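J.: Sequence:
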Amino acid sequence: MRKYLMLTMAIAALIAVSVAGIATGANKPVTVEAGNLVFTFNGGFSPSKLPKKKLAPITLTAEGKISTKDGTHPPALKETIVETDKNGAINVKGIKPCKSGALQSRDTAAAEKACKASIIGSGRTIVEVQFPEQKPIDVDSKLVVFSGGYSGGTTTLYIHAYFSAPVTGAIVTTLKIKKVHNGRYGLKTVATIPKIAGGSGSVKSFNLKINKKGVLTAKCADGKLQAKATAKFADGTQAGPATIIRPCTGT
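According to my numbering, the sequence shown is numbered sequentially starting from 1306.
What the hints contain is simulated information worked out from the structure, not anything from laboratory work.
Careful: at least some of the hints might be erroneous.
Taking lysine-lysine pairs in the BS3-like style, the calculated list, with each CA pair at most 25 Å apart, reads [what the hints assert, rightly or not]:
1. K1481 x K1537
2. K1537 x K1398
3. K1533 x K1401
4. K1359 x K1374
5. K1517 x K1359
6. K1357 x K1537
7. K1529 x K1374
8. K1359 x K1537
9. K1533 x K1493
10. K1533 x K1404
Here are the simulated distance ranges between beta carbons [unchecked claim]:
11. T1377 x N1487: 35 to 41 Å
12. T1377 x K1357: 46 to 52 Å
13. T1459 x T1373: 33 to 39 Å
14. T1373 x R1489: 46 to 52 Å
Because the structure is a prediction, the values reported are computed rather than measured.
C-beta: ideal position from N, C-alpha, C; glycine also.
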């Protein structure tokens, strides 16, 4: 049964895209197609106006959907690599870090209690599970994002999900975010999803808000924020790299 819980690790990759700001701004959804797969991302940040020369706190909301053109069950997400604008930043210093072990084998309420001071965001996800010779089953969970701290140039985030039925158990996923110097891009987020036996399931949708003040910041130096992302799937399909450019207003 636990192998099906690993399906929720794909949530990490989608959240990596969200935290990195690929779906920012009050804009139309962004759709990316790769073979039979269709991704749709959307979201926004506030405030909409940002300083030109210094970073200011923002709140990020994001949502995403994964589907197939022919309506069949999509393959599992394996890895995403996201590079984002050098005019954005993530900072968890000053927030009490949570350890992965404190979140394991706990339901949502218990996880929130164990690392209450580390919570930086929350949301919800629906995962489609297709057991052999059965119709797909949708299972849903609240998502809670915890700070895992900053060490050695790497920011760590933990994403907790808990399913009560028909798949029962908790999953703790890890995101690693590092600074890079790659032209327009200044942050790199990597989410690696363990192999899912038989490709039995995939994230169907999610929504997320990162609203802990000061964790996410940005500035509008030249009227835009930019990101690029690549997603890799268990069946060998690769989506991207896709470049997203969103306008902003500098003050």
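J.: Please work out if K1481 and K1537 have their alpha carbons no farther apart than 25 Å.
T.: Holds, at about 17 Å.
J.: Is K1533 within 25 Å of K1404, Cα to Cα?
T.: 30 Å, violated
J.: For a C-alpha distance cap of 25 Å, please report whether K1359 and K1374 respect it.
T.: 43 Å, violated
J.: Does K1533 pair with K1401 here, judged by a C-alpha cut-off of 25 Å?
T.: 30 Å, violated
J.: Compare the distance between the alpha carbons of K1517 and K1359 with 25 Å, and conclude whether the hinted pair is satisfied.
T.: 19 Å, holds
J.: Hinted pair, alpha-carbon criterion (25 Å max): K1357, K1537. Please report holds or violated.
T.: 35 Å, violated
J.: Verify the CB-CB distance for T1373 and R1489 against the hinted window 46 to 52 Å.
T.: 32 Å, violated
J.: Holds or violated: K1529 and K1374, Cα atoms, limit 25 Å.
T.: The hint is violated at about 32 Å.
J.: Hint check: K1533 vs K1493, CA-CA at most 25 Å. Holds or violated?
T.: 10 Å, holds
J.: Could you check the hint for me, namely that T1377 and K1357 are 46 to 52 Å apart, CB to CB?
T.: 47 Å, holds
J.: Take the C-beta atom of T1459 and the C-beta atom of T1373, compute their distance, and say whether it sits inside 33 to 39 Å.
T.: 34 Å, holds
J.: Need the status of pair K1537, K1398: alpha-carbon distance at most 25 Å?
T.: Status violated; Cα separation ~31 Å.
The structure fails hints 2, 3, 4, 6, 7, 8, 10 and 14 (numbered hints given earlier, in ascending order).
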